[in-house]
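Residue numbers (numbering that gives the first Met the number 0), protein chains in the order written: chain A, 0 to 768; chain B, 0 to 68.
Do not take every clue at face value.
[What the hints assert, rightly or not] Think about it this way: if two alpha-carbon atoms lie no more than 25 Å apart in a straight line, the pair counts; the simulated SDA-like pairs of lysine to any residue are:
(1) 68/B x 344/A
(2) 338/A x 7/A
(3) 68/B x 350/A
(4) 734/A x 32/B
(5) 268/A x 400/A
(6) 734/A x 1/B
(7) 485/A x 1/B
(8) 68/B x 327/A
(9) 47/A x 155/A
(10) 98/A x 5/B
(11) 734/A x 60/B
(12) 338/A x 66/B
(13) 734/A x 56/B
(14) 734/A x 34/B
(15) 259/A x 222/A
(16) 68/B x 764/A
(17) 734/A x 42/B
(18) 338/A x 42/B
(19) 68/B x 400/A
(20) 131/A x 179/A
(21) 734/A x 15/B
(22) 68/B x 738/A
[Said to hold, decoys possible] Sample of chain B residues at the chain A side, in silico, Cβ under 10 Å:
(23) 12
(24) 13
(25) 20
(26) 28
(27) 29
(28) 34
(29) 38
(30) 47
(31) 54
(32) 64
I should point out that these hints are in silico values taken from the structure, not numbers from a laboratory. By construction, the Cβ of each residue, glycine as well, lies at the ideal position given by its N, Cα and C atoms.
Below are the chains, spelled out letter by letter.
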Amino acid sequence: MDQLQLRAFENRCIQEELPFCTAACPIHVDVRAFMAGLAEGNLREARKVLDRTMPFPEIVGRLCDEPCRPFCKRGEIGDPLAISMLERACVGMTAPVLKLPKLPAKGGTVAVVGGGLSGMTAALDLGRKGRKVTLVTAAEGLGGSLRSLPETMLPREAFPQAAALLEGYGVTLMLAADLTVERIADLIATHDAVYFDRDEIGPQLVPQAAAQPDPLTLALPAEGGFAGGGLGEDSSSFSVIKQVKDGRRAALTIERYLQKVSLTAQRDKEGVCTTRMHTVITGMASSAVLIPADPALGYTTAEAQQEAGRCIRCECLECVKQCVYLQEYKEYPKTLVRKIYNNQAIVQGTRNANRMINSCSLCGQCTVICPHDIPVPELCRTTRQDMVHNGHMPPSAHDFALEDMHFSLSESCTLARHQPGTSASRFLFYPGCQLAGSSPETVVRTYRFLAGRLQGGVGLMLGCCGIPARWAGQEPLFAETMDRFKADIARLGNPTLITACSSCLSIFDEFCSEAEIVSLWEMLDSLELPTGKTQAPGETLTLHDPCTARHQETLRLSVRSICGKLGMHIVEHDCNGPLADCCGYGGLMQFANPQLGGKAAGMKAGRSEHAGLAYCAMCRDNLAASGHRVAHLLDYIFPVADGQNPLARSNPGFSRRHENRARLKQDLLNSLWPEAAVLQPEHRQITLLISREVLDLLNSRHILEEDVQKVIHQANQTGRYLVNPGNGHQLAGFKPVRVTYWVEFEPTSRGYVIHNAYSHRMLLPEVGQ
Amino acid sequence: MSGYSFIEATPWQCAGCRLPLTPTTVSLTYLNSVFNVELMACPRCGMLLVPESLAAGRMLEVEQLLEDK
Numbered sequence: 000m001d002q003l004q005l006r007a008f009e010n011r012c013i014q015e016e017l018p019f020c021t022a023a024c025p026i027h028v029d030v031r032a033f034m035a036g037l038a039e040g041n042l043r044e045a046r047k048v049l050d051r052t053m054p055f056p057e058i059v060g061r062l063c064d065e066p067c068r069p070f071c072k073r074g075e076i077g078d079p080l081a082i083s084m085l086e087r088a089c090v091g092m093t094a095p096v097l098k099l100p101k102l103p104a105k106g107g108t109v110a111v112v113g114g115g116l117s118g119m120t121a122a123l124d125l126g127r128k129g130r131k132v133t134l135v136t137a138a139e140g141l142g143g144s145l146r147s148l149p150e151t152m153l154p155r156e157a158f159p160q161a162a163a164l165l166e167g168y169g170v171t172l173m174l175a176a177d178l179t180v181e182r183i184a185d186l187i188a189t190h191d192a193v194y195f196d197r198d199e200i201g202p203q204l205v206p207q208a209a210a211q212p213d214p215l216t217l218a219l220p221a222e223g224g225f226a227g228g229g230l231g232e233d234s235s236s237f238s239v240i241k242q243v244k245d246g247r248r249a250a251l252t253i254e255r256y257l258q259k260v261s262l263t264a265q266r267d268k269e270g271v272c273t274t275r276m277h278t279v280i281t282g283m284a285s286s287a288v289l290i291p292a293d294p295a296l297g298y299t300t301a302e303a304q305q306e307a308g309r310c311i312r313c314e315c316l317e318c319v320k321q322c323v324y325l326q327e328y329k330e331y332p333k334t335l336v337r338k339i340y341n342n343q344a345i346v347q348g349t350r351n352a353n354r355m356i357n358s359c360s361l362c363g364q365c366t367v368i369c370p371h372d373i374p375v376p377e378l379c380r381t382t383r384q385d386m387v388h389n390g391h392m393p394p395s396a397h398d399f400a401l402e403d404m405h406f407s408l409s410e411s412c413t414l415a416r417h418q419p420g421t422s423a424s425r426f427l428f429y430p431g432c433q434l435a436g437s438s439p440e441t442v443v444r445t446y447r448f449l450a451g452r453l454q455g456g457v458g459l460m461l462g463c464c465g466i467p468a469r470w471a472g473q474e475p476l477f478a479e480t481m482d483r484f485k486a487d488i489a490r491l492g493n494p495t496l497i498t499a500c501s502s503c504l505s506i507f508d509e510f511c512s513e514a515e516i517v518s519l520w521e522m523l524d525s526l527e528l529p530t531g532k533t534q535a536p537g538e539t540l541t542l543h544d545p546c547t548a549r550h551q552e553t554l555r556l557s558v559r560s561i562c563g564k565l566g567m568h569i570v571e572h573d574c575n576g577p578l579a580d581c582c583g584y585g586g587l588m589q590f591a592n593p594q595l596g597g598k599a600a601g602m603k604a605g606r607s608e609h610a611g612l613a614y615c616a617m618c619r620d621n622l623a624a625s626g627h628r629v630a631h632l633l634d635y636i637f638p639v640a641d642g643q644n645p646l647a648r649s650n651p652g653f654s655r656r657h658e659n660r661a662r663l664k665q666d667l668l669n670s671l672w673p674e675a676a677v678l679q680p681e682h683r684q685i686t687l688l689i690s691r692e693v694l695d696l697l698n699s700r701h702i703l704e705e706d707v708q709k710v711i712h713q714a715n716q717t718g719r720y721l722v723n724p725g726n727g728h729q730l731a732g733f734k735p736v737r738v739t740y741w742v743e744f745e746p747t748s749r750g751y752v753i754h755n756a757y758s759h760r761m762l763l764p765e766v767g768q
Numbered sequence: 000m001s002g003y004s005f006i007e008a009t010p011w012q013c014a015g016c017r018l019p020l021t022p023t024t025v026s027l028t029y030l031n032s033v034f035n036v037e038l039m040a041c042p043r044c045g046m047l048l049v050p051e052s053l054a055a056g057r058m059l060e061v062e063q064l065l066e067d068k
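Work out the full structure: start from the sequences and follow the hints.
Following this line, the structure appears as structure tokens:
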């Protein structure tokens, strides 16, 4: 990713866009933060927000004509916030909190002619910037036409206060000045720039101010002259905020003029601007504006707090609201991509974002939700590819999952045969590695059904589509797996694939477009389902679509159709279909970040209070592992003879899943394709006696029972192990591939009791070398 | 973690040599880094003990640190 790509990506995330009120405010007051302060009862915090942006909060805070209010999102569900009344209340109840710093004095002299609010604002802004400013007015004091307002609207002392503030920033005030045409000509001659406040200065006094100033810069045609303030363009209305806006705009122009830089460049975000902010208000209750008990006095503190509490604090975060991953890392796409970019830029040092990059499930829910389709998963996946390519991928992140894939593709588990008694296949059932691992019996029953119903021969293929390698960023390994798969199906005469797994289907659709593919669910929906044996559950189930079926609409419809045919009562929850959550397996999240994987499963299962129905084997097992009752749809189509409740089936865990795959091949070879069985390695003959607690420990530590068998086998073969004379336990370490496993065991007549197991990746000089 | 010592009294003995374990200095390596540490080992054949507390503790920390380098 280069800088340009980073910026393009960042720009698509709108979380940091201005809220609607701020965008509509000519001086961009942070109304959202102001409301937050008030709603939390923190008046000082609210006042600080005004002090930061408003010139003269005592005046503007009391008089602003709130052009922002019609844009308040709350207005779409009830009344917009009483923004101006709340500002008035805040200013009335607080003293100034923040005093903005004055920059060091610089050259350049500016005369402000006229002491209305726009002149005052221009003088204040330029004074803060260190410019030498002289404000000249014929009036007795500051304020221009605001001086005529009644005391109830604006306390008299506001103007002397403003004068003191201006003088504090070094502005010279010349009140009650004799403003003649000659005097003004003299001011023009002796200053680098002159601003005419048209609230006080009419064209009769200054002929050059009669011209319309440029709307963007407020520059007059005459060199060094600027003008603003006064009545609006229609010459009938007087807007307080227009005075402030003009004064501020002119001050910025004059600053640029004195710096001799472009007066016009990059000013599109100044003043009232558009915003791409996206705030969803669906489901929010409508609310009416709070009328103060005494409208003449305005809001009390408590009333202000209540009214400000109606602010919905507009932001987007639509993706974060649903995504356990973004929530965990407290990021939204814009901040996430920045962290990823910085992580990739590190040459020497710790890459702290590695785990974050490897924790995304790559499920794509955020992209569907995002109003700008931000591809966070693709960013994370391609970053992983780069990490692998550059040798910066932590080996421990995906090793276990890739070893699992390697095993699924090994001679122990793979199979590719025509239907027994045939030499050609019109169809090829591809159950996928996870269904084989989760429930091998279901694979057999489904295959027997398909072979019995479909004409032209139904072959069977056991293996893995390679998606773990794709998720891990291991492109060469993934490509190799796909090539092998394509060669295998070509050898079987390119039959139509029937895939049970949505992940396999998504991979084949994308990378094996030459193959004809149909999902198992569409196929089953087109056939007459087995009768008599099917057993609908006696309760309502919530259907959980897998994340990889997000874009497989016809498949999802078939699943619902099958549920209907089985007489099942199914309910849907909000995060289903195109919005489905990942169960934690996607993107190998649960391997790179086991804790987060657990949270993801819990979140998915918790979307409904009903027991679950999944049709992805990984969802089924992960949701079960998170302590929820969940069944697989095939459990109801092809129920087991023992009548066990499919909702009660526990998570098989990694070891059992391994064994199930190997046993499935064995059983199929024994029953359907009788021939010499695959020779089992010697260590597989070792009998292990493992308690539930130790099994859970092995599972959480990613240690397979086969690894334990290898350690014991090695210890027996070499005689190299430790012994504890106190309890007769033995301890041995062995490194079959990359990880060294240590097992504490106890030989008994029935087998080996396993007491403990742990592992490390650091290499020892002797063990297992 | 070079220079660290993981010496502690242990009930484990070498099964082959029937000897109690004694402290020894060994080189552990991971991702191009080498650490000289003290571990308990058989004084005759060098059979090492990596206790669970070390594997799941300091060793894991260092492994993860190196993986992010």
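So, going through the hints one by one against the coordinates:
1. 68/B x 344/A: 12 Å, holds
2. 338/A x 7/A: Cα-Cα ~15 Å, so holds.
3. 68/B x 350/A: Holds, because 6 Å separates the two Cα atoms, which is no more than 25 Å.
4. 734/A x 32/B: Holds, because 19 Å separates the two Cα atoms, which is no more than 25 Å.
5. 268/A x 400/A: This hinted pair is violated, its Cα atoms lying about 49 Å apart.
6. 734/A x 1/B: 23 Å, holds
7. 485/A x 1/B: Roughly 50 Å between the alpha carbons, so the hint for residue 485/A and residue 1/B is violated.
8. 68/B x 327/A: 23 Å, holds
9. 47/A x 155/A: 23 Å, holds
10. 98/A x 5/B: 59 Å, violated
11. 734/A x 60/B: Measuring from Cα to Cα gives roughly 20 Å; hence the hint holds.
12. 338/A x 66/B: This hinted pair holds, its Cα atoms lying about 18 Å apart.
13. 734/A x 56/B: At roughly 19 Å apart (the allowed maximum being 25 Å), residue 56/B and residue 734/A satisfy the hint.
14. 734/A x 34/B: 19 Å, holds
15. 259/A x 222/A: Given that 25 Å is the threshold and the Cα spacing comes to 13 Å, the pair holds.
16. 68/B x 764/A: Given that 25 Å is the threshold and the Cα spacing comes to 23 Å, the pair holds.
17. 734/A x 42/B: The given pair, whose Cα atoms are some 22 Å apart, holds under the 25 Å limit.
18. 338/A x 42/B: Distance of about 50 Å is beyond 25 Å: violated.
19. 68/B x 400/A: Holds: residue 68/B and residue 400/A sit about 22 Å apart, inside 25 Å.
20. 131/A x 179/A: 22 Å, holds
21. 734/A x 15/B: At roughly 19 Å apart (the allowed maximum being 25 Å), residue 15/B and residue 734/A satisfy the hint.
22. 68/B x 738/A: 20 Å, holds
23. 12: Hint holds; residue 12/B Cβ to chain A Cβ min 6 Å, cut 10 Å.
24. 13: 6 Å, holds
25. 20: With Cβ-Cβ at 8 Å, under 10 Å, it holds.
26. 28: Hint on residue 28/B: holds, closest Cβ of chain A at ~5 Å, below 10 Å.
27. 29: 4 Å, holds
28. 34: It holds, given that the least Cβ distance between residue 34/B and chain A is near 8 Å, below 10 Å.
29. 38: 9 Å, holds
30. 47: 6 Å, holds
31. 54: 4 Å, holds
32. 64: At about 7 Å, which falls below the 10 Å cut-off, the nearest Cβ of chain A leaves the hint on residue 64/B intact, so it holds.
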